[in-house]
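Colleague: First to last, the sequence lines map onto chains V and Z. Residue 69 in my numbering sits at position 69 of the first sequence, with consecutive numbering throughout. Residue 78 in my numbering sits at position 78 of the second sequence, with consecutive numbering throughout.
Keep in mind the hints are simulated off the structure, nothing from the lab. Mixed in with the good hints there might be a few duds.
What the hints assert, rightly or not - Pair by pair, the computed Cβ-Cβ distance ranges are:
{"#": "1", "chain 1": "V", "residue 1": "Glu80", "chain 2": "Z", "residue 2": "Ala98", "range": "29 to 37 Å"}
{"#": "2", "chain 1": "V", "residue 1": "Gly29", "chain 2": "Z", "residue 2": "His10", "range": "33 to 41 Å"}
{"#": "3", "chain 1": "Z", "residue 1": "Leu61", "chain 2": "V", "residue 2": "Ser55", "range": "17 to 25 Å"}
{"#": "4", "chain 1": "Z", "residue 1": "Ser80", "chain 2": "V", "residue 2": "Ser30", "range": "16 to 24 Å"}
{"#": "5", "chain 1": "V", "residue 1": "Pro18", "chain 2": "Z", "residue 2": "Leu114", "range": "25 to 33 Å"}
{"#": "6", "chain 1": "V", "residue 1": "Ile106", "chain 2": "Z", "residue 2": "Arg110", "range": "15 to 23 Å"}
Cβ coordinates follow ideal geometry from the N, Cα and C atoms, glycine included.
Next come the chains, spelled out residue by residue.
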Amino acid sequence: AQRVTQPEKLLSVFKGAPVELKCNYSYSGSPELFWYVQYSRQRLQLLLRHISRESIKGFTADLNKGETSFHLKKPFAQEEDSAMYYCALNAGGTSYGKLTFGQGTILTVHP
Amino acid sequence: DSGVTQTPKHLITATGQRVTLRCSPRSGDLSVYWYQQSLDQGLQFLIQYYNGEERAKGNILERFSAQQFPDLHSELNLSSLELGDSALYFCASSVGLASYNEQFFGPGTRLTVL
Numbered sequence: 001a002q003r004v005t006q007p008e009k010l011l012s013v014f015k016g017a018p019v020e021l022k023c024n025y026s027y028s029g030s031p032e033l034f035w036y037v038q039y040s041r042q043r044l045q046l047l048l049r050h051i052s053r054e055s056i057k058g059f060t061a062d063l064n065k066g067e068t069s070f071h072l073k074k075p076f077a078q079e080e081d082s083a084m085y086y087c088a089l090n091a092g093g094t095s096y097g098k099l100t101f102g103q104g105t106i107l108t109v110h111p
Numbered sequence: 001d002s003g004v005t006q007t008p009k010h011l012i013t014a015t016g017q018r019v020t021l022r023c024s025p026r027s028g029d030l031s032v033y034w035y036q037q038s039l040d041q042g043l044q045f046l047i048q049y050y051n052g053e054e055r056a057k058g059n060i061l062e063r064f065s066a067q068q069f070p071d072l073h074s075e076l077n078l079s080s081l082e083l084g085d086s087a088l089y090f091c092a093s094s095v096g097l098a099s100y101n102e103q104f105f106g107p108g109t110r111l112t113v114l
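Working from the sequences, and respecting the hints, build out all of it.
Modeller: Right under this line is the structure:
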C-alpha cells in the first residue's frame with residue numbers, strides 16, 4: 001500500500017526566506033506526485049504535479065525516486081504563500097484518480 | 001458559478017441515522033470523487049465514479065455507499081452513523097478518468113454526529 005508522509009505539521013518562515021516543505025512517500029511502483037494547496041477560506045486546489053515539471057507561483061518540486069521524496073521549494077517566500085499544503089500520490093494504472101494524501105503542512109510566512 | 005457544488009454545507013444528526021450528501025461536478029467533468037477529512041485520519045479517498053460507473057475504491061466503509069446519476073451528479077449515502085463518522089466530506093471532479101487530470105474540489109459538507 002502507498003503512504004505519504006509530511007513530517008512537519010507547522011512551518012514558519014519570514015518573507016523573502018527560502019522555504020522547503022518536505023514530502024516522502026512509500027510505494028514500490030512508479031507513482032505520480034502532486035502538491036495541493038488550500039488558502040484561507042478557499043477550496044483545496046492543485047498547485048503542481050511532477051509530470052508537468054512546471055513552476056507555479058515560484059514553487060517547484062522534483063521527484064527523487066532514490067530518496068522517495070517530492071519536496072516543494074520556493075526560493076523567496078511571500079506572505080500570500082501562507083496556506084495548508086498537501087502532498088499527494090497516485091499509484092497509476094487501475095488506481096485511476098485515487099489520491100493518497102499526506103497529513104498536510106501549515107505554512108506561515110511572517111512579514 | 002460553474003465549480004463543484006456540495007449540499008448541504010452543514011449537517012447535524014444523531015447516531016444510528018442515515019444521511020445523503022450531494023455533489024454536482026463542474027460542467028463537462030465526467031469523474032466524481034469523494035473524500036473524507038477527519039482530524040485523526042486526515043484526507044482519505046473514498047470512491048471515484050466516472051460517467052456513472054464506479055472506477056476506484058478506497059477504504060470506504062460498508063455502511064457508506066455512493067452513486068453517480070445520468071446527469072453526472074453524485075450522492076454519498078452514510079448509514080448507521082457513528083460518532084467517528086463526524087468529518088468534512090469533500091467532493092471533487094475532473095474531466096477524465098486518468099490520474100493526471102486535475103481534480104477540482106468542492107467546499108465540503110461538514111457532518112456532525114451527536
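Colleague: Now tell me, hint by hint, if it's right for this structure.
Modeller: Here is how each hint holds up against the structure:
{"no.": "1", "hint": "Glu80/V x Ala98/Z: 29 to 37 Å", "verdict": "holds, 31 Å"}
{"no.": "2", "hint": "Gly29/V x His10/Z: 33 to 41 Å", "verdict": "holds, 39 Å"}
{"no.": "3", "hint": "Leu61/Z x Ser55/V: 17 to 25 Å", "verdict": "violated, 40 Å"}
{"no.": "4", "hint": "Ser80/Z x Ser30/V: 16 to 24 Å", "verdict": "violated, 39 Å"}
{"no.": "5", "hint": "Pro18/V x Leu114/Z: 25 to 33 Å", "verdict": "violated, 46 Å"}
{"no.": "6", "hint": "Ile106/V x Arg110/Z: 15 to 23 Å", "verdict": "holds, 19 Å"}
When the structure is compared with the earlier hints, violations turn up for hints 3, 4 and 5 and for no others.
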